[in-house]
Amino acid sequence: MGRLKTLWHRLGSPRWFYEISGPWAAGSLIVGLIGIAVGLVWGLAIAPPDYLQGNSFRIMYLHVPAAILSESCYILMGVAGAVLLIWRMKLADMVVAAAAPIGVVFCIVALLTGAIWGRPTWGTWWVWDARTTSMLVLLFLYFGVMALRQAVPREESAGRAAAILAVVGMVDIPIIKYSVDWWLTLHQTSTFKLTSAPSMPAEMYLPLLVSVLGFYTFFFGVLLFGVGNEVLMRERRTQWVTDLVRSRQS
Amino acid sequence: MTAATFARAPSIGRAFTAQVQRDLTIAFRSRSELINPLMFYVMGISMFPLGVGPTAERLAEIAPGVLWVLALLSTLLSLDSLFRRDFDDGTLEQLVLNVDPLFVGVLAKVFAHWLVIGLPLTLLSPLAALMLFLPGAAVPTLVLTLLLGTPILSLLGAVGAALTVGLKRGGLLLTLIILPLYVPVLILGAGAVTAVIDGVDPAAQLAWMAAILALMLTLTPFAAALALRVGLE
Amino acid sequence: MRAASWTATALQAPLLTARALGCERDGRVLFNDLDLDIRPGDVIELTGPNGSGKTTLLRCLAGLTGDFDGEVSHAGRFSYVGHRGGLNLQLTPLQNLRWSAAIEGSNASNESLSSLLDGVGLAGYEYLPCQQLSAGQQRRAALARLGLDTAALWLLDEPLTALDDAGCALVRDLLARHRAAGGAALCATHQSLGLERTRQHALGRAA
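Protein chains in written order, with the numbering used here: chain A, 1 to 250; chain B, 1001 to 1233; chain C, 2001 to 2207.
It is worth saying that the hints were derived from the structure and are not from the lab. Think of the CB as a built atom: it goes at the ideal place given N, C-alpha and C, for glycine as much as any other residue. You may find that some hints are simply not true.
So, partial list: chain A residues that the calculated Cβ filter (under 7 Å) puts toward chain B [what the hints assert, rightly or not]: (1) VAL137; (2) PHE140; (3) GLN150; (4) ALA151; (5) ARG160; (6) ALA161; (7) ASP172; (8) PRO174; (9) ILE176; (10) SER179; (11) TRP183; (12) ALA202.
Just chain A, same shape as in the assembly (with noise of 0.2 Å):
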């Protein structure tokens, strides 16, 4: 507990966070690019065909984690914004600054592998089942965030701003999610859906969840990246950033 309170007023200096976290960042990247390149691998090539759709059920290797990740970020972003709004530590609006464009290329690369996925299963690029429909709302969500961080022109009120939406998006994402799924119950008229059936033979559930792995620790790598750089922009009037660039250019 006490050294949970430590890190926790640590975390009030962006600084000591900037100093902390570049070893982990780059450790992270690279753990978590070998867990993708592995997951992907051996789901890509190694894994066996699918039944139903034979070999173009694989690119949900990359589909899957991508869909998990983008949400999993959003929710980062809402926390991230509830701790800037309750406690005012700088370092979370820097996390949810940074945390937005991540989460919006996870999001987009689920769209497209969903699109991918789409074709050969469907006939049709685009398919409006309950994950796809998700995603886009999802990425409107994102979009709204950045956007409205954009347009407000001064970085404190931009960065409370953009916590309150990214809150208020992350209580709106279950109703969302829920009622997309209704939607889509009350449309549909046939009842396969796009992503797997929960019972999944090991062979195929193990690339998988290596995967899912690979891609958190590697996302998490990049969001630490992202946070440091947001960290040096914010405190670029402070005495450490320019002793830190000017020693840096020497």
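Given chain A, work out where chains B and C should sit, using these hints.
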């Protein structure tokens, strides 16, 4: 005389009533602001027969969705004025400084906004339903979904309006921010009407909408109040 | 007599205390390590050229912005009349005043509100929408709120804007009566209020 003799305790109920009265008076001063969203609703609905063709079957099929989407858009268009005018003339500062807790003042403004925009839309909807050949049996459900849904639209919209209040040309950004949040209300509202047409009981959808309304009533005034303070900084 | 009332005033607890206030905007330091005490009976003129941070300081003291260093504490309520006045132009002065009275918790009756407007020289204009009034008349309507007497401390941003000589005299009068009743005021202004026994506080250099 000391500072103590100046102290008055403002009554929050009185502040609420005064705010609603004030906003209603302002709204009625400007006839065009009252009518415009309603005209947009009717005009927008009319675009569909023109674009899709006047056949009753085709229009009736898309009617629930179109009626709801247009109610959404009409509300969106009217949201920008919720706080902007007060921001520009300094009244918002007075509201923030004097009304404590601020969320009551926000709720008062949202209520007045709904009375002027959402409620008339709801009452106008049977006419619009007529234009799209919505089956008569579905009209009461349509009105009920709008009655439950338009307050949700106003409440969520208030958060967006508060977040963009100080921004120049914040109107479009407001739309972009709020639309994804409107998705559940749209799905449930239009879905309930479709359900009635299909002969299914819409009780589940209506119950969900009522639950969402209750949730929004408790959460959005706080979020909007906080956003207003950020906007004034 | 004078000496006695000064001492008595000085011994009363401050209505506002500000310590080590610092603020910067766009990389420019507006003020730094500023201390301020406002006691009953104080009328302070906050002077300085355009862009020196007078409005920002007032807003910090009023709590409209949290973006500053230091501490501000209030002993009670205050009335803030900002740059933009706080009047809705489509409503009449009377309607605006009625709303102000409601949110500030004043029990003033309609007749008192009318006579308040009378007192600021708007007799006969109470029922006209504010957009039909001149700039000076609008400022008077905005200042009429102060007559509601709901707060001991007044924070005024450029109260003399758009006012003619009669209007300025009106503001002087309002301030003098408020001070005599034990109130205090901090006015950001770049013209002299013309009131005696005011404190001056000058803010920085021009941009």
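Now for the hints, and whether the structure bears them out:
1. VAL137: With Cβ-Cβ at 5 Å, under 7 Å, it holds.
2. PHE140: holds (4 Å)
3. GLN150: violated (9 Å)
4. ALA151: Check passed: Cβ of ALA151 of chain A comes within 5 Å of chain B, closer than 7 Å.
5. ARG160: holds (5 Å)
6. ALA161: ALA161 of chain A check passes; min Cβ-Cβ to chain B is 5 Å, inside 7 Å.
7. ASP172: At about 5 Å, which falls below the 7 Å cut-off, the nearest Cβ of chain B leaves the hint on ASP172 of chain A intact, so it holds.
8. PRO174: violated (10 Å)
9. ILE176: Interface hint status for ILE176 of chain A: holds (5 Å vs cutoff 7 Å).
10. SER179: holds (4 Å)
11. TRP183: holds (4 Å)
12. ALA202: violated (37 Å)
Of the numbered hints stated above, those contradicted by the structure are hints 3, 8, 12, listed in ascending order.
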